[in-house]
Amino acid sequence: MAIRPLARRELSIDTAALARFLIGKIVVRELPEGIVSGRIVETEAYVVGDAAGHGYRGMTQRNRSLFLEPGHAYVYVAYGISNMLNVSSGNAGTGTGVLIRALEPLEGIGIMQQNRGTERLRDLTRGPGRLAAALRIDRSLDGLDLCRKGPLWLAHDDHEPGKIGKSIRIGITKDADRLLRFYLRGSPFVSGTKALNV
DNA sequence: AGTTCGATTCACT
DNA sequence: GTGAATCGAACTG
Numbered sequence: 123m124a125i126r127p128l129a130r131r132e133l134s135i136d137t138a139a140l141a142r143f144l145i146g147k148i149v150v151r152e153l154p155e156g157i158v159s160g161r162i163v164e165t166e167a168y169v170v171g172d173a174a175g176h177g178y179r180g181m182t183q184r185n186r187s188l189f190l191e192p193g194h195a196y197v198y199v200a201y202g203i204s205n206m207l208n209v210s211s212g213n214a215g216t217g218t219g220v221l222i223r224a225l226e227p228l229e230g231i232g233i234m235q236q237n238r239g240t241e242r243l244r245d246l247t248r249g250p251g252r253l254a255a256a257l258r259i260d261r262s263l264d265g266l267d268l269c270r271k272g273p274l275w276l277a278h279d280d281h282e283p284g285k286i287g288k289s290i291r292i293g294i295t296k297d298a299d300r301l302l303r304f305y306l307r308g309s310p311f312v313s314g315t316k317a318l319n320v
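In the working numbering, the protein residues as written are 123 to 320.
Hints are not guaranteed to be accurate.
Claimed, not checked - Think about it this way: if two alpha-carbon atoms lie no more than 25 Å apart in a straight line, the pair counts; the simulated DSS-like pairs of lysine-lysine are: (1) K288 x K147; (2) K147 x K296; (3) K147 x K271; (4) K285 x K316; (5) K147 x K285; (6) K296 x K271; (7) K316 x K288.
As the list claims (entries may be wrong) - Simulated restraints, written as ranges between beta carbons of each label pair: (8) A173 x S134: 31 to 41 Å; (9) Y201 x L153: 19 to 29 Å; (10) E132 x E152: 19 to 29 Å; (11) P273 x V320: 34 to 44 Å; (12) E152 x A214: 20 to 30 Å; (13) T182 x V320: 30 to 40 Å; (14) D245 x T295: 24 to 34 Å; (15) A173 x E152: 28 to 38 Å; (16) S134 x I290: 20 to 30 Å; (17) I157 x R242: 29 to 39 Å.
Hints in this document: simulated from the structure, not taken from any laboratory. Every value quoted in this text rests on a predicted model; they were computed, and no experiment measured them. The beta-carbon is built from N, C-alpha and C at its ideal position, and this holds for glycine as well.
Please put together the full structure from these sequences, using the hints given.
Take a look at the structure:
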């Protein structure tokens with residue numbers, strides 16, 4: 123079953139709809155050692171007028187990629203250690219995006235194990251910082267167009283995702299009660315506590 | 001120029 | 001379940 127790049131016109135202009143749409147799609151990372159890929163099982167939307175969003179206070183040096191056309195990478199460092207992968211959303215000039223929070227590993231599991239320093243399949247890409255480490259994603263990929271093949275891109279195949287759940291987002295303090303987190307129900311590769319994943 | 005604060009993770013108990 | 005580590009970027013003065 124072939125995988126192909128996501129077309130930009132398939133990406134909803136609505137950030138929450140895009141976050142839901144991305145569940146079941148594939149993140150592809152091309153490394154010198156080979157291809158690493160995983161299926162998206164958890165996302166969060168950071169929408170217009172959202173105090174938790176990095177674009178909320180306007181463009182800065184760090185977040186400028188959020189304001190690109192939909193489907194570009196916004197990569198930033200959280201807590202000084204973990205890289206976070208986001209997909210820019212909304213029309214150009216809109217500082218909104220979708221955080222990719224967890225993947226189900228598909229290809230290149232050996233490379234991921236090396237990048238993560240663990241063998242445990244379930245720990246490779248469960249959590250935004252972990253998946254970025256597994257796919258060796260850092261700020262050098264910030265601003266990349268994810269809708270065309272390259273070092274990092276988004277793909278889809280004929281896979282139909284199962285039921286998608288919705289919850290509050292993880293790890294934020296502002297606008298913390300909005301239901302903007304989406305996840306694949308029953309997936310062992312989703313992060314967060316049991317109560318969030320019903 | 002100094003301070004504050006995380007869109008987290010890991011190692012414990 | 002709880003707590004410490006960790007550092008770059010944004011914000012304040």
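Checked hints:
Pair hint K288 plus K147 holds up; C-alpha atoms about 17 Å apart against a cutoff of 25 Å. In summary, the hint linking K147 to K296 is not supported, as the alpha carbons are separated by about 28 Å, beyond the 25 Å threshold. Note on K147 and K271: the hinted pairing holds, with a Cα-Cα distance of about 15 Å set against a maximum of 25 Å. The hinted pair formed by K285 and K316 meets the criterion: a straight-line CA distance of about 16 Å does not exceed 25 Å.
Distance hint between K147 and K285 is fulfilled; the C-alpha atoms sit about 14 Å from each other, no more than 25 Å. Distance restraint check for K296 and K271: the Cα-Cα separation of roughly 36 Å exceeds the 25 Å cut-off, and the hinted pair is therefore not satisfied. For the hint pairing K316 with K288, the CA-to-CA distance comes to about 13 Å; that is within 25 Å, so the pair holds. A hinted range of 31 to 41 Å for the beta carbons of A173 and S134 is inconsistent with their spacing of about 22 Å.
At roughly 25 Å, the beta carbons of Y201 and L153 sit within the given window of 19 to 29 Å. For the pair E132 and E152, the supplied restraint of 19 to 29 Å holds, since their beta-carbon distance comes to about 21 Å. About 37 Å separates the C-beta atoms of P273 and V320, a value consistent with the hinted range of 34 to 44 Å. Between E152 and A214 the beta carbons are some 26 Å apart, a value that agrees with the proposed interval 20 to 30 Å.
The given range of 30 to 40 Å is respected by T182 and V320, whose C-beta atoms sit roughly 37 Å from each other. At roughly 26 Å, the beta carbons of D245 and T295 sit within the given window of 24 to 34 Å. For A173 and E152, the Cβ-Cβ distance of about 36 Å falls inside the hinted range of 28 to 38 Å, so the restraint holds. In this structure the supplied range 20 to 30 Å holds for S134 paired with I290, their Cβ-Cβ distance being about 21 Å.
A beta carbon spacing of about 21 Å between I157 and R242 contradicts the range 29 to 39 Å that was offered as a hint.
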